[in-house]
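Number of protein chains: 2
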Amino acid sequence: MVSKLIPVVMCGGAGTRLWPVSRDTMPKQFIPLLGQDSTFQRAIRLLANSTVFAEPIVITNAEYRFTVLEQLQAVGISAQVVLEPMRRDSAAAVAVATEFALARDPNAIVGVFAADHIVQDSVLFVETCRKAGVVAAQGKIVTIGIPPNYPATGYGYIQPGKEISSGVRQVAAFVEKPDAERAAQYLLNGFLWNSGNFIFDATTMRAELEAFEPHVLEPVMIAVAEAKPDLDFLLLDAKAFDQAKTISIDYAVMERTKKAAVITGNFGWSDVGGWSAVWDLSEKDTNGNAVEGRGYVLDGSNNLVRSEDTLVAVIGLDDIAVISTRDAVLVAPKAKADKVKDMVTLITSKGEAEAGVHREIQRPWGKYLSVDMGARYQVKRITVKPGGILSLQKHYHRAEHWIVVRGTAEVTRNDATIVVHETESIYLPIGCVHRLANPGKIPLELIEVQVGSYLGEDDIIRIEDVYRRS
Amino acid sequence: MVSKLIPVVMCGGAGTRLWPVSRDTMPKQFIPLLGQDSTFQRAIRLLANSTVFAEPIVITNAEYRFTVLEQLQAVGISAQVVLEPMRRDSAAAVAVATEFALARDPNAIVGVFAADHIVQDSVLFVETCRKAGVVAAQGKIVTIGIPPNYPATGYGYIQPGKEISSGVRQVAAFVEKPDAERAAQYLLNGFLWNSGNFIFDATTMRAELEAFEPHVLEPVMIAVAEAKPDLDFLLLDAKAFDQAKTISIDYAVMERTKKAAVITGNFGWSDVGGWSAVWDLSEKDTNGNAVEGRGYVLDGSNNLVRSEDTLVAVIGLDDIAVISTRDAVLVAPKAKADKVKDMVTLITSKGEAEAGVHREIQRPWGKYLSVDMGARYQVKRITVKPGGILSLQKHYHRAEHWIVVRGTAEVTRNDATIVVHETESIYLPIGCVHRLANPGKIPLELIEVQVGSYLGEDDIIRIEDVYRRS
Numbered sequence: 024m025v026s027k028l029i030p031v032v033m034c035g036g037a038g039t040r041l042w043p044v045s046r047d048t049m050p051k052q053f054i055p056l057l058g059q060d061s062t063f064q065r066a067i068r069l070l071a072n073s074t075v076f077a078e079p080i081v082i083t084n085a086e087y088r089f090t091v092l093e094q095l096q097a098v099g100i101s102a103q104v105v106l107e108p109m110r111r112d113s114a115a116a117v118a119v120a121t122e123f124a125l126a127r128d129p130n131a132i133v134g135v136f137a138a139d140h141i142v143q144d145s146v147l148f149v150e151t152c153r154k155a156g157v158v159a160a161q162g163k164i165v166t167i168g169i170p171p172n173y174p175a176t177g178y179g180y181i182q183p184g185k186e187i188s189s190g191v192r193q194v195a196a197f198v199e200k201p202d203a204e205r206a207a208q209y210l211l212n213g214f215l216w217n218s219g220n221f222i223f224d225a226t227t228m229r230a231e232l233e234a235f236e237p238h239v240l241e242p243v244m245i246a247v248a249e250a251k252p253d254l255d256f257l258l259l260d261a262k263a264f265d266q267a268k269t270i271s272i273d274y275a276v277m278e279r280t281k282k283a284a285v286i287t288g289n290f291g292w293s294d295v296g297g298w299s300a301v302w303d304l305s306e307k308d309t310n311g312n313a314v315e316g317r318g319y320v321l322d323g324s325n326n327l328v329r330s331e332d333t334l335v336a337v338i339g340l341d342d343i344a345v346i347s348t349r350d351a352v353l354v355a356p357k358a359k360a361d362k363v364k365d366m367v368t369l370i371t372s373k374g375e376a377e378a379g380v381h382r383e384i385q386r387p388w389g390k391y392l393s394v395d396m397g398a399r400y401q402v403k404r405i406t407v408k409p410g411g412i413l414s415l416q417k418h419y420h421r422a423e424h425w426i427v428v429r430g431t432a433e434v435t436r437n438d439a440t441i442v443v444h445e446t447e448s449i450y451l452p453i454g455c456v457h458r459l460a461n462p463g464k465i466p467l468e469l470i471e472v473q474v475g476s477y478l479g480e481d482d483i484i485r486i487e488d489v490y491r492r493s
Numbered sequence: 024m025v026s027k028l029i030p031v032v033m034c035g036g037a038g039t040r041l042w043p044v045s046r047d048t049m050p051k052q053f054i055p056l057l058g059q060d061s062t063f064q065r066a067i068r069l070l071a072n073s074t075v076f077a078e079p080i081v082i083t084n085a086e087y088r089f090t091v092l093e094q095l096q097a098v099g100i101s102a103q104v105v106l107e108p109m110r111r112d113s114a115a116a117v118a119v120a121t122e123f124a125l126a127r128d129p130n131a132i133v134g135v136f137a138a139d140h141i142v143q144d145s146v147l148f149v150e151t152c153r154k155a156g157v158v159a160a161q162g163k164i165v166t167i168g169i170p171p172n173y174p175a176t177g178y179g180y181i182q183p184g185k186e187i188s189s190g191v192r193q194v195a196a197f198v199e200k201p202d203a204e205r206a207a208q209y210l211l212n213g214f215l216w217n218s219g220n221f222i223f224d225a226t227t228m229r230a231e232l233e234a235f236e237p238h239v240l241e242p243v244m245i246a247v248a249e250a251k252p253d254l255d256f257l258l259l260d261a262k263a264f265d266q267a268k269t270i271s272i273d274y275a276v277m278e279r280t281k282k283a284a285v286i287t288g289n290f291g292w293s294d295v296g297g298w299s300a301v302w303d304l305s306e307k308d309t310n311g312n313a314v315e316g317r318g319y320v321l322d323g324s325n326n327l328v329r330s331e332d333t334l335v336a337v338i339g340l341d342d343i344a345v346i347s348t349r350d351a352v353l354v355a356p357k358a359k360a361d362k363v364k365d366m367v368t369l370i371t372s373k374g375e376a377e378a379g380v381h382r383e384i385q386r387p388w389g390k391y392l393s394v395d396m397g398a399r400y401q402v403k404r405i406t407v408k409p410g411g412i413l414s415l416q417k418h419y420h421r422a423e424h425w426i427v428v429r430g431t432a433e434v435t436r437n438d439a440t441i442v443v444h445e446t447e448s449i450y451l452p453i454g455c456v457h458r459l460a461n462p463g464k465i466p467l468e469l470i471e472v473q474v475g476s477y478l479g480e481d482d483i484i485r486i487e488d489v490y491r492r493s
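Protein sequences, first through last, are from chains E and V.
Using this note's numbering, count along the first sequence one by one with no gaps and you end on 493.
Using this note's numbering, count along the second sequence one by one with no gaps and you end on 493.
Quick caveat, the hints were computed from the structure, so don't treat them as lab data.
Glycine is no exception: its CB is placed at the ideal position from the N, C-alpha and C atoms.
Where hints are given, some of them may not hold.
As the list claims (entries may be wrong) - Negatives, chain E to chain V, calculated, CB over 12 Å:
{"id": "1", "residue": "G58"}
{"id": "2", "residue": "L69"}
{"id": "3", "residue": "L92"}
{"id": "4", "residue": "G162"}
{"id": "5", "residue": "R192"}
{"id": "6", "residue": "F256"}
{"id": "7", "residue": "L258"}
{"id": "8", "residue": "E278"}
{"id": "9", "residue": "W292"}
{"id": "10", "residue": "G397"}
{"id": "11", "residue": "R492"}
Said to hold, decoys possible - Residues from chain V shown here face chain E by an in silico Cβ test under 8 Å; the list is partial:
{"id": "12", "residue": "A234"}
{"id": "13", "residue": "T333"}
{"id": "14", "residue": "V337"}
{"id": "15", "residue": "M366"}
Stated by the list, open to error - Covered stretches of chain E, going by a simulated chain V footprint (3 or more residues, C-beta under 8 Å):
{"id": "16", "region": "107-116"}
{"id": "17", "region": "399-412"}
Just chain E, with the same shape it has in the complex (with noise of 0.2 Å):
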């Protein structure tokens, strides 16, 4: 009998794609692109089936720990979260997931999924996943390899070689993104996409990392073997991790090896690349517009019209892409999705902070959204979980006022504990050391006004904090 098979989410990266709506501080993966779950949600729910998988290992950057618990307990479902000190490549990260699995079960069988993936037929993807779990027992690496439905440039594509079983074929060769004419050639020829999620047996990839770039392997072996548990997470040893070479696991392995295979997926597969691919995917009115949020199209057809929060209102166009953020407005036609990266290069040279940063940021204890800045005040909406506590903290330069609008808040001040309830309000006055918490059992929301001649994040002087932050 097979194991089951071991999947392995890897969430750490920080597209650009999809900006205003994916930055630094939550990137796509994270983000409910279409429907309630983001992307890494559904990834989870996908890999839930217990006939098929055994709990998921989730990979991701230590920046997006509490991002990924919250949305791993708002699915119920429960995963071992490695983070990683420091981001490497890829082949670093698959060593990861290898040593994991091995320390889980010799004979241990590993899928490496990406977390910002869409499928559309979960029955099919199981069942590709099961098959290919089969081939992988057999000492090979199966890649996943997509049916084309256009000539497209962006992805690298895989040509299939002679028959190993029913549906799966060696590789007989990897091949880089092409230009335009190539990549009719390869539809012509059969060639599949490599769509980067790949199942294989451990003991087999711990051999071919071994033998081809022990530089990633053996740090990265020590560093599994060092790993501390950090509150829910287990955290990779920093300084053997930080050793590992930078290298992408295509070129570390897969274009070497001669255990690639390769399973065809005709589940319904899209990276969600960009706009268009958002589109493509979403639901649209009889003239093609998709549109979430207040947005509305007068003369205008297959239109992509998101907003979070203001009126958007577009006429006498097609073809593009209006996102609309707190903060930022994205206005392209939707072909032009590779434009974007670029933009996102242009404002981040021109100091703009929206290029990297959300206005809304999340943290283990809750979020908060700045809604009004001045010369010499800033107006925050916060919202506490139930249970959240703040850190023990105190600011140099300015002082706050908090005004409860729903919930109960438990506020330490210097030595006294005070408990402020709806429509109250206190006040924390320069250098006092204060701290916030929801004792309650729902959200608490409050409405903090800070005053000072500085209101920079730098200005919170942490003395002690439930999440281990420094």
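Fit chain V to the supplied structure of chain E, relying on the hints for placement.
Below, chain V alone, put in the same frame as chain E:
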């Protein structure tokens, strides 16, 4: 010697072609569309040449009275401000102008000017008015005709007749807005655009109104005779003015009178009739993009990008307008200016407040801006001018917290008067009678946090108001 021209500025209109910037609560003539001044302020400055013009009369809707006053004060020019208690068409406004002018001077020469037009060469404009005044004094109604620079279909045209004096001709005919073919023919035949600005002898105009439209003139004569001073304004008698027939001055007099003349206005004119006109008048970069606020254009040319607040990123599009305000975004080809009205009609029908109401609301004591709103709370940024006093009021459904972030507040709360300094706050429980004033020399800024079950503007029970609002 000819009397000085009495300039009358008409600024009661409320156009939607420049939505989302122009709305009912602050129409385009009061908005700084180009540079620091509004078009109303530009018009007032233009008419401040005291060798040619007497003190201006401003005719506006009662709704805009404080805005008019504030904008006059800002440019430091005094005017007689006449308030229409309800909207009538332009014939009634011209009759009002005529009666006020005759009350000043029985030989008065009057110039009627739109508040939302822009003139490039102010010296030539003044000289044109002076020349028109000389002809008007001979009993003519002299309209300013603009030499067309393209076959516009959005303006009425004037067919000039035989010359009266240098540059001034009789009007052979007024013609309605043409189709494109006719417009091209008009250009070939030397027709002029009807700018809607005209200069006349008041006695002549009164006689023509009496002959053609006594149902306009007679009620207006009573409304003017019975006009009451109200603070710094003159309020027309509502009962009488209500009886005035609603008709445009074009239909009422211009198209019927035998006394019409036309003077060519070569001073560079625009009625700023849409976003395309704003682009025409704006400074542009080498790619023809006019950007105001935080806007970036990549691979695009001849765009108009305006942002009040958010960052706007435009990629790969040409000749479009992207207009971003705090609560609404318009995206449209510049040439589709006509459709903006239709969009406003559409969103009005959907009940969207952004169709007519600005986020920032001007008040005689200052202004306020709603910065955040939840189910049971609202946060406003309130600015009170030095000396400004809000009404004495109470609320049935909400408590308020005021946090002073700049300046000093004098707060009346029931029987007490409390001075609240920067960084301090005050609480106003439900039902308490309160008043806010700025006793200081600099603007007072405060953050108001309202908490309650109903937060509408109509839960303001005014007990006393220095600005005499009901």
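Consistency of the hints with the structure:
Distance check for G58 (chain E) against chain V: the nearest CB is about 24 Å away, which clears 12 Å, and the non-interface claim stands. Annotated as non-interface, L69 (chain E) keeps its C-beta farther than 12 Å from every C-beta of chain V; the closest such distance is 33 Å. Under the 12 Å C-beta cut-off, the non-interface status given to L92 (chain E) relative to chain V holds; the minimum distance is some 26 Å. Distance to chain V confirms G162 (chain E) as a non-interface residue, since its nearest Cβ pair spans about 48 Å, more than 12 Å.
With a least CB separation of 40 Å from chain V, R192 (chain E) remains clear of the 12 Å interface cut-off, as annotated. Separation of F256 (chain E) from chain V is adequate, the least Cβ-Cβ distance of about 33 Å exceeding the 12 Å criterion. Its beta-carbon lying about 35 Å from the closest one in chain V, L258 (chain E) satisfies the requirement of being farther than 12 Å from that chain. Against chain V, the non-interface label of E278 (chain E) holds: every CB pair exceeds 12 Å, the least being about 34 Å.
Listed as a non-interface residue, W292 (chain E) keeps its Cβ farther than 12 Å from every Cβ of chain V; the least gap is roughly 27 Å. Not every CB of chain V is more than 12 Å from the CB of G397 (chain E) (nearest about 6 Å), against its label as outside the interface. With a least beta-carbon separation of about 26 Å from chain V, R492 (chain E) lies farther than 12 Å from that chain, consistent with its non-interface assignment. Interface hint at A234 (chain V): violated, since its Cβ lies 45 Å from the closest Cβ of chain E, which is beyond the 8 Å cut-off.
Proximity of T333 (chain V) to chain E holds as hinted, the smallest CB-CB distance being about 5 Å (cut-off 8 Å). With 8 Å as the threshold, the beta carbon of V337 (chain V) comes within range of chain E, its nearest partner Cβ sitting at about 5 Å, so the hint holds. The beta carbon of M366 (chain V) is positioned within 8 Å of a beta carbon in chain E (closest approach about 5 Å), and the interface hint is therefore held. Requiring three or more residues with a Cβ within less than 8 Å of a Cβ of chain V, the coverage given for the region 107-116 of chain E is violated, as only 0 such residues are present.
Remark: the region 399-412 of chain E is confirmed as covered by chain V, as 4 of its residues place a Cβ nearer than 8 Å to a Cβ of that chain, reaching the required three.
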